[in-house]
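Visitor: Chain by chain, the residues run as shown.
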Amino acid sequence: MEILIETFRSLIANKTRTFLSMLGIIIGVMAMIAVVSIGEGSTRSITDQVSSLGSNVIMITPGFSGGSGGRSVTALSDILNVNDAQNIQELCPDVKSVSPLLQGNYSVSNDGNNANATVFAGNDKLMEILDLQLGSGRYLTGTDESEYAKNAIIGASIAENIFEDTNPIGKSILVTYSVGKNRVAIPFKIIGVLKQTGSKLMYNPDKMLIIPFSTAQARIFHNYGTISTILVSAKNSEVSASAKAQIQHLLYNKFEDEKKFSITSQDEILGTLSGITSVLNLFLGAIAGISLLVGGIGIMNIMLVSVSERTREIGIKKAIGATRRRILLEFLVESILITLIAGAIGILFGIGVSKIVEQIGKQYNLVPIVSWQSITIAFGFATMIGLFFGIYPASKASKLSPVEALRYE
Amino acid sequence: MDDFVFEFKDIWKIYDMGEVKVNALRGLDLKIKRGHYVVIMGPSGSGKSTFLQIMGCLDKPSRGEVHIDGINTSHMDETKLAAIRNKKIGFVFQSFNLLPKLSAQENCALPLVYSGIPRKKRMAVAKELLTRVGLGERIHHRPNQLSGGQQQRVAIARALTNDPPVVLADEPTGNLDSTSSVEILKILKDLHREGKTVIVVTHDPEIVNEGDTVVWIKDGMVEKVEVK
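Keeping their order, the protein sequence lines are chains A and B.
Sequential numbering of the first sequence, starting at 579, is according to the working numbering.
Sequential numbering of the second sequence, starting at 1013, is according to the working numbering.
The calculated lysine-lysine pairs, modelled on DSSO-like cross-linking and capped at a C-alpha distance of 27 angstroms, are:
#1 K1230(B) / K1043(B)
#2 K767(A) / K703(A)
#3 K749(A) / K767(A)
#4 K974(A) / K1092(B)
#5 K977(A) / K1092(B)
#6 K1099(B) / K974(A)
#7 K1072(B) / K974(A)
#8 K1240(B) / K1021(B)
#9 K940(A) / K773(A)
#10 K1139(B) / K1201(B)
#11 K1092(B) / K1021(B)
#12 K1139(B) / K1198(B)
#13 K1092(B) / K1045(B)
#14 K977(A) / K1033(B)
#15 K1099(B) / K1045(B)
#16 K977(A) / K1099(B)
#17 K593(A) / K1113(B)
#18 K1072(B) / K1033(B)
#19 K1230(B) / K1072(B)
#20 K974(A) / K1113(B)
#21 K977(A) / K1113(B)
#22 K778(A) / K933(A)
#23 K1099(B) / K1132(B)
#24 K1240(B) / K1198(B)
#25 K1072(B) / K977(A)
Since the hints were derived computationally from the structure, they do not count as laboratory data.
Bound conformation, chain A alone (with noise of 0.2 angstroms):
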């Protein structure tokens, strides 16, 4: 406790020079924090995103084939078809519900408003599959299937762009292609308006025109039965890995090939995607480990110049009765107690610079979340460190000969 007070007291007497031995400190803490704390929240902002994709869902899609021997690779078209979704639906008990998906890029408009639209078309299911909510207006129902029915759901800046601030809900919209030379255009009814999400990993419902999928089969993409892509939901997230085995096994049993179909599910979206964030994360944090590293030498390097400035006084401790043990006791407090308060800072600077990413980083869904794991591992290194390097100063200063001090002008 003595030696305590008493190398508080010479640290505020060297200010400069106790802030230089710091400043390593400080940065590394700092640094590690920071990183930690955006990795964390970068992390959740992917997860975040991976589960807004839907609830459950698996992706179904056509495999590629070739590659091999010079040829390229193409994706499989005329593989998957309406019955296979049907099938689907019909035999595997741990499907909630599946929905055949078309889609593609198509210019809307209204009254002279243009705006480029992504056409999802798909069953009733479809916008629970991928946990779309209507903002105003209806959804489409299995009647709008049956009966070919032209009515559509558009995304919220489509709204805004082609309506502005009149209620869409009624109106009609054109969605036009061109076949050949010709420009065709279909007018859709508007029953419903999606509420506003912001883009998602996959794709942007703000910029979506919904459409039954037998509509957009006769009268947009004329696919006659093959589709891109079955959308499924698992009935939940425990049996969403035996769901995709029950849809693995059928479509092996028609293609006898698994390569001609791959099915992705969300869990596996989201395994990858924080494989690699976490991977990033832990390269980071190292980096940061690295200078809270260079910054032990900083205290390494101080604390030497200190031994050999404070020879005399060593010298002089130990003529009057200091033992070695207190002398290194002496120069190891110093250090540490450097390292703590550097440390303190550091932590309340890392949570600041995390509370400014926070602001810069809030239109990307970027938060930072600073846990108590973070500073607990970023003090507890920079503790080490500072016992660490303060050793062999301190032995240093302890094993000097009192003669030797002495005479050291």
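For chain A, the structure is supplied; the task is to place chain B on it using the hints.
Guide: Below, chain B alone, put in the same frame as chain A:
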């Protein structure tokens, strides 16, 4: 039997300077009685400083036995020697050797820190001793706010804090003007009168008359002992 505070038996100190070995002390024998005022004289290079370091337990002899206050210190480790320096010997240096960042009182109390005395008690002892050497008004001054003579008085007070049997002074007036020198020598004399063993190492002939015993050192040995 006489009561000796120091006994040196056949002390050798050999410095190994690589190819050359320097014999600083060559079989020095000396006994110092308790309560005496001893002046140790010798020209530079006589081994006087080396002898002082061994007396003060700052260094160990290469050969020979040292007894301090009846304790054989020849085989002690560094920690035990530190305790001897702390309890048995009060050091006064030519260049005062005060810690510049501490006040007179804190400097004076420092040896008590190393004997584990609580702060309050330390400060009280230091204040009393500083008052005794006439610095009662200046206990909160830093060394650079004090004159040389005053600094040396702080150093003497520091030497006395653990009430050691021996006060060992190395050229205590070497850095002082004549007025201050007289003051310091008077304090040392007073200590002697109060029963302390005072040992002054010097090459200043004027101090010779202060002591009741004069030891002449030459070529690493005792040349003669003169008892008055």
